[in-house]
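Chemist: Chains as they are written, first to last, in my numbering: chain A, 1 to 305; chain B, 1 to 380.
Please note that a few of the clues may not be correct.
[To be verified] So the derived label-pair ranges between C-beta atoms look like this: (1) A:167 / B:90: 55 to 63 Å; (2) A:206 / B:22: 17 to 25 Å; (3) B:325 / A:62: 26 to 34 Å; (4) A:137 / B:208: 39 to 47 Å; (5) A:137 / B:237: 42 to 50 Å; (6) A:206 / B:34: 37 to 45 Å; (7) A:67 / B:74: 38 to 46 Å; (8) A:132 / B:82: 35 to 43 Å; (9) B:325 / A:159: 33 to 41 Å; (10) A:43 / B:56: 26 to 34 Å; (11) B:56 / A:8: 58 to 66 Å; (12) A:137 / B:149: 22 to 30 Å; (13) B:265 / A:64: 23 to 31 Å.
[Stated by the list, open to error] Derived DSS-like pairs (lysine-lysine); straight-line CA-CA distance at most 25 Å: (14) B:132 / B:76; (15) B:76 / B:33; (16) B:4 / B:76; (17) A:122 / B:94; (18) B:33 / B:94; (19) A:125 / B:132.
[Unchecked claim] Chain B is nowhere near these chain A residues, computed Cβ spacing over 12 Å in every case: (20) 65; (21) 69; (22) 250; (23) 288.
Since the hints were derived computationally from the structure, they do not count as laboratory data.
Quantities reported herein were computed from a predicted structural model and do not represent experimental measurements.
C-beta: ideal position from N, C-alpha, C; glycine also.
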Amino acid sequence: MARYIAKRLLMMIITLFLIVLITFILMHSVPGGPFVREKTLPPQVEAALNEKYHLNDPLPKQFFDYVKGILRFDFGPSLKYTGKTVNDFISNGFPYSAKLGGITILFVLLTAIPLGIVAALKNGKWQDMVVMAIATIGITIPSFVIASVLIYIFSFRLNILPTFGLTNWKSYILPVIALGGYSLSFVARLMRSSLLEVMGQDYIRTARAKGLPEVRVITKHALRNALIPVATILGPTIANLLTGSFVIEKIFAIPGMGKHFVESITNRDYTVILGFTVFYAAFLIAMIFIVDIFYSMIDPRIKLE
Amino acid sequence: MWEKLDIRQEEREKIVSKRRSFLSDVWFRFSHKPTAIAGLMVIVLMILFAILTPSFTSHTFSSQVLDHVSMAPWLKSIALDEGEGYIYVNQNLKLIHVNADGTLGQTLTRLDEDDINKVNTYAFDEETLQLKYGGGSQTVVFEDGREFSDVVKVKNKTYLLGTDTLGRDILTRLAHGTRISLLVAFLATAVNMIIGILYGGIAGYKGGNVDGVMMRIVDIISAIPLTLYVILIMVIVENGMTSIIIALSSVYWVNMARVVRGQILSLKEQEFISAALTIGSSPKTILMRHLIPNSMGPILVTATMLIPQAIFMEAFLSYLGLGVQPPMASLGTMCNDATEMLRSAPYQLFLPAAMICLIMFAFNFVGDGLRDALDPQLRK
């Protein structure tokens, strides 16, 4: 176990290093540099700015300074908002995004898993059809369309839910549904197919042959194993929710990380884009790592190598 | 006593099913899935719509008529006398005459404004008319004292699906946007397919350390959500169609590479590859003539699944403002432009959104159908 974790950790560090390297190179290959605007700056001002942000240093030095900064969790200053650092943006936005994301994950798991179970147990009946129809809709319709339709119906027409902000429990309803729609459908589909597969296994027949009541067969034998594939995609699902929140936070005007990220893209605020990408990537890789460790613990069939 | 047996008689008693080639077998299974066929038909219709519509409408996707801004497909207008048409009052109290057949006529020039009494005066042909808009209702009063205030819904015949905030015909833009979105999706998928096949093919065929290193790279790439990469690339290259295609096709090949590699790894152990090796075929011939054609099934399925993903991603990027440059339109940029108008003109958002959903449904259904048709494990 310890060896497996150590190996995975090493891989994680290498991956992160490469991500930082690639994003750094990409950001520094932007034509013109960060201070090119419609209004050209006087050369002295530009030189002073370059000096201030250490843009005159040789690239390798800049890179290692940047990596050193990241190791101390310092992503550097924002190029567009003087006096603000990337850390400020992250620490302002992260609580909102984390709260929205956390509630969405709970919502997804608490609805998708029961839906998938019902669909599998009632395979081919109307319940199955309904669940699969919902799942197909959720997978094919982009989140911003779902969000707009929800806003139009519930905020403009019925006037019962707010359109923006995260002030009370009511304002969470629409963003959570819009953000979780895709993952919900995906998890429900996976749960259904995985439970269907398990129900066809020999040990289920054995359990039934022993005379176990059906409820016990399902809860004790089938569900436990059917949940394993669902656990594996938790990592990617978290990734999906996080990146999906760019659009959702924009639509619902939630001051989370996604909104800051989108704004920094429109402002071409390169250090913020760079910092957010690295932060996102690190966060996601860590999440996937944790889920994988957890996964190898619950499934004894996985050999840790 | 001996009778010659009719040869047709003999053939009639043979118990064989109709011989079908692999392709017709696939087609047989595909065509027996109603959702797949429906999806295929929708795609064909969509392509025809995207290609043909611009040549049937009198508008172009970029021409703006500022008098005709945000006009809905159904105009709520004030009915005049029978045969005289209607008067459409827009949000800025601009009056547009709608002919009796629903086509848009002249825009009335405003002669006088009286904000206190809420009465505006306009020139209409040779006469003048007044619009009284106080008290929540609008009344048109002619010089001769005739008054009209009945609001009816008139089908907009000039712009069948209405106009957007800049007065551009939505139908034409929808066709244009569909064309751009489909083009981006097809091209990105094609490039992804080529890169993925070559990368996965080489990794799978070479095996050993080469495979190890190549797949490690794929692992690293797929460790981060591709959305982030695509956004990064879009930030660096100039906005535009080619950039989207470059961004999409530089990251989405990893899945394809994995699929191809898996196929090739299992195929290359089979006898026909040993046979090809024995007769001295070069690695290139083996890869191109034997291995890749034989893994075409899963490749095609992955590719059809890639198309909706690319459309999704294109819409997502355009929605964030990283899409094609105006006046070009893709379905995503149209949705983005219409978001602010959601309350007053929801049709501007719902039309392109419905189009995206339709495309996504169609490609997903076709992809599902193809997978079931090509997957040998489901074969009965």
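Chemist: Does the Cβ distance between residue 132 of chain A and residue 82 of chain B fall inside 35 to 43 Å?
Modeler: violated (53 Å)
Chemist: I want to verify a distance hint. Is the separation of the beta carbons of residue 325 of chain B and residue 62 of chain A within 26 to 34 Å?
Modeler: holds (32 Å)
Chemist: With d taken as the least Cβ-Cβ distance between residue 288 of chain A and chain B, does d exceed 12 Å?
Modeler: About 7 Å separates residue 288 of chain A from the closest Cβ of chain B, which leaves it inside 12 Å; violated.
Chemist: Do the alpha carbons of residue 122 of chain A and residue 94 of chain B lie within 25 Å of each other, as the hint requires?
Modeler: violated (59 Å)
Chemist: Return holds or violated for the Cβ distance of residue 137 of chain A and residue 149 of chain B against the range 22 to 30 Å.
Modeler: violated (43 Å)
Chemist: Hey, residue 125 of chain A versus residue 132 of chain B, does the alpha-carbon distance stay inside 25 Å?
Modeler: violated (60 Å)
Chemist: Indicate whether the distance between the beta carbons of residue 325 of chain B and residue 159 of chain A respects the range 33 to 41 Å.
Modeler: holds (37 Å)
Chemist: Check the following: the C-beta atoms of residue 265 of chain B and residue 64 of chain A are separated by a distance inside 23 to 31 Å.
Modeler: Violated: the Cβ-Cβ distance is about 40 Å, outside 23 to 31 Å.
Chemist: Minimum C-beta separation from residue 250 of chain A to chain B exceeding 12 Å: can you confirm that?
Modeler: violated (7 Å)
Chemist: Could you check the hint for me, namely that residue 206 of chain A and residue 22 of chain B are 17 to 25 Å apart, CB to CB?
Modeler: Roughly 40 Å apart at Cβ, these two residues miss the hinted range, so it is violated.
Chemist: Please test the hint of 42 to 50 Å on the beta carbon pair from residue 137 of chain A and residue 237 of chain B.
Modeler: violated (34 Å)
Chemist: Does the Cβ pair residue 43 of chain A, residue 56 of chain B satisfy 26 to 34 Å?
Modeler: violated (56 Å)
Checked against the numbered hints listed earlier, the structure breaks hints 1, 2, 5, 7, 8, 10, 12, 13, 15, 16, 17, 18, 19, 22, 23; every other hint is satisfied.
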